[in-house]
Amino acid sequence: MSFELLEKFRDPALCRKILDKMESELDRELRFMEVCGTHTVAIFQSGLRSLLPEKIVHLSGPGCPVCVTHESEVNAFLDLAGHENVILATFGDLMRVPGDKGRNLKKAVADGARVKVVYSPFDTLKLAKENPGDLVVFIGVGFETTAPTIAATMKMAREQGIDNLRILCFHKTVPTALDALLSDEAINIDGFILPGHVSAIIGVEPYEFIAENYAKSAVVTGFEPLDILQSLNQMIEWRNKGEAHVANNYTRIVGEHGNPKALEIMYEVFEPCDALWRGLGLIPGSGLEIRPEWESFDAKKQFGIEIKESPALPGCKCGDILKGVKQPDQCPLFGKACTPANPVGPCMVSTEGSCAAYYKYKLD
Amino acid sequence: MSDKVLLDYGSGGRASQRLISDLFLKYLGNDELDRLNDAAVLNLSGRIAMSTDSFTVDPIFFPGGDIGSLAVHGTVNDVAMMGAVPRYITCGYIIEEGLPMADLERIVQSMGEAARHAGVKVVTGDTKVVPKGACDKIFINTTGIGEIIADPTPSGDAARVGDAVLVSGTMGDHGLTVLGTREGLDFEAKVQSDSAALNHLLVKLVRELPEVHVLRDPTRGGLATTLNEITKSSNVCCELTETSIPVRPEVKGGCSILGLDPLYLANEGKFICILPGEYADKALEIMRADPLGQDACRIGTMTDANPGKVVLVTQLGGKRLLGMLEGEQLPRIC
Ligand code: SF4
Ligand code: SF4
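For the protein sequence lines, the chains are A and B, in the order given.
Residue numbers 1 to 364, in our numbering, belong to the letters of the first sequence in order.
Residue numbers 1001 to 1334, in our numbering, belong to the letters of the second sequence in order.
Don't read these hints as lab results, they were simulated from the structure.
Honestly, I wouldn't trust all of these hints.
[To be verified] Here are the simulated EDC-like cross-link-like pairs (lysine to aspartate or glutamate), alpha carbons at most 16 Å apart as the crow flies:
| id | chain 1 | residue 1 | chain 2 | residue 2 |
| --- | --- | --- | --- | --- |
| 1 | A | K55 | A | D274 |
| 2 | B | K1319 | B | E1285 |
| 3 | A | K126 | B | E1183 |
| 4 | A | K21 | A | E237 |
| 5 | A | K155 | A | E7 |
| 6 | B | K1137 | B | D1058 |
| 7 | A | K129 | A | D100 |
| 8 | B | K1309 | B | E1229 |
| 9 | B | K1309 | A | D364 |
| 10 | B | K1232 | B | D1157 |
| 11 | B | K1319 | A | D364 |
| 12 | A | K308 | A | D274 |
| 13 | A | K106 | A | D79 |
| 14 | A | K116 | B | E1183 |
| 15 | B | K1252 | A | E7 |
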């Protein structure tokens, strides 16, 4: 998208108008969760956070793929680092994620592990070709946004006869997690800002249950200030009328049915499975695993990796934060024992993590 | 000479001598260096500024420059940021065995040109060749020395409430160029490193203005990190207006694709100037009259609101922290 067009979605005067309107229409506190980490960052980065009416409580949800990666998944890839003949390929975000005993990938590299930061899963094809004597293991962390590209990479590897690429598949799906959140009575959310990128793949329909089963609103939203304000405003209006809807406010990118091609390729290679989420625990049907026909790519099978419940990091409140029960600065470790330089939990590691966003952008 | 750098060239024997006379003296030679004494004899007086830096950039050639010119610009700029006239520099080369001789020649030649341009003499140097794998192609260390002409001497802890914050041009060009070239990424519109020697412009500035509090080049860590350092050591608050910070559209575009923030990207031909508000217009006039400062603008003011912090007033009029960079910027998952 061109920058001139994007500028329209940042128009300060228009934003002010909506802000004033929201202010006048709010009669009580409303709690909105932005599911996606990029929204959390966008709200801070644009300065929106300091402009929103006080009655709007904004919560950061389980939408940062790094944050929800389970402890035992982190330990699994850290165990693989340093394996003889293994080159780990990963997106940059995972380099600093802490595992048990103070381990992380950066330290593993310093100890001699071969880890390559890639910009796209397709880069792993070249890496595998260049290192025929090694196994290239890609750490597949992410939601419906990343899974189709990884599926496409696997297909290309098969076509090109590349047999030394493996995927450590930890993919998770967003709607199932929202269902789990909504069914938890302790959680009190009035509406969702739905992720733009994920929705571009899956469309709007998979979220309809939010209005139908739980009578809450949710709006697929872009990442510019006006996108976010319009969605919030819409949800306030609906609530004042006693209605609940699921809508698409990001039509310039997200089609009603998402991207059928991407979905098709994703489900050709992956199938739903139960998954462990950090802080949220086991959510049935919320993960993706490699189908038996593609088993030869499966790093979990090859290395006999088991993902199991493990005790949470002592003191870390990431679970409560991902559920919107606590705000980052309510964690006793926030900004003290836990900082971006020395993260205790993943919410502080990922640039999209809510603790990191609070630390980085919040003025007081 | 062979077409590749061999270990022999670092032996100290004949091969080394050939490398020095046929290559280094050819491009860097001057009356002092040509003597090939063990140490240089310099003519300096008054207060002296000195700075050293090692250059390990990957790739060694990038659009807009290379490691040779960068090693001169980086050190010359560091000396000049003290309100000094850079006079002499030294260079130490650590070369990986097997580096194509043509690459080395290109680098030394570019270093020579950069030094001439900046008006500094390379007066002493050193060459080592290390076995393949012991370093990445080539590392260069330069030390620079110059005479301070500014009074008071600009310093990172001298920013005061009421000071204006200026930058000499667009932010992030060098950082994005190097990253893009390293990863083989093609950006829609070409971006180029801004690598340049700023000393002539800086000398003009400190000569014509009665008082400059801080001069800094926002290299690694970029504008945001450098301003954080300044506000911490000066114990003032820097309030920036987002819309007035110059960033090229192609840099903005490249950054948004990679999930990076241009305010944290390195610059090699830009500087930050902090000075009493009443001199801001004059300073901008001087900067804009020079090609290296034509995009100069005022981006903020020092206040007493949040001492030690950098606050960004966004396009929407909201306020947020602009913190220090933690480690390197890494591209995101999605
Ligand atoms: S994976 Fe995509 S949709 Fe999810 S948090 Fe990151 S940017 Fe947002
Ligand atoms: S501040 Fe650190 S320890 Fe606390 S919840 Fe956030 S990441 Fe976890």
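> Are the Cα positions of A:K21 and A:E237 separated by 16 Å at most?
Replying inline: holds, 10 Å
> Is the hinted pair A:K155 and A:E7 satisfied, with a Cα-Cα distance of at most 16 Å?
Replying inline: violated, 38 Å
> Under the criterion that the straight-line Cα-Cα distance not exceed 16 Å, is the pair A:K116, B:E1183 satisfied?
Replying inline: holds, 12 Å
> Hey, B:K1232 versus B:D1157, does the alpha-carbon distance stay inside 16 Å?
Replying inline: holds, 8 Å
> Hey, A:K106 versus A:D79, does the alpha-carbon distance stay inside 16 Å?
Replying inline: holds, 13 Å
>> Check the hint pairing B:K1309 with A:D364 against an upper bound of 16 Å on the C-alpha distance.
In response: holds, 11 Å
>> Tell me if the straight-line CA distance from B:K1309 to B:E1229 falls inside 16 Å.
In response: holds, 9 Å
> Going straight from one Cα to the other, do B:K1137 and B:D1058 come out at no more than 16 Å?
Replying inline: holds, 9 Å
>> Holds or violated: B:K1319 and B:E1285, Cα atoms, limit 16 Å.
In response: violated, 29 Å
> Is A:K308 close enough to A:D274, meaning Cα to Cα at most 16 Å?
Replying inline: Roughly 11 Å between the alpha carbons, so the hint for A:K308 and A:D274 holds.
>> Given the hinted pair A:K55 and A:D274, is their Cα-Cα distance within 16 Å?
In response: It is violated: about 37 Å lies between the C-alpha atoms, which goes past 16 Å.
>> Hint check: A:K129 vs A:D100, CA-CA at most 16 Å. Holds or violated?
In response: violated, 33 Å
Checked against the numbered hints above, the structure breaks hints 1, 2, 5 and 7 and satisfies the rest.
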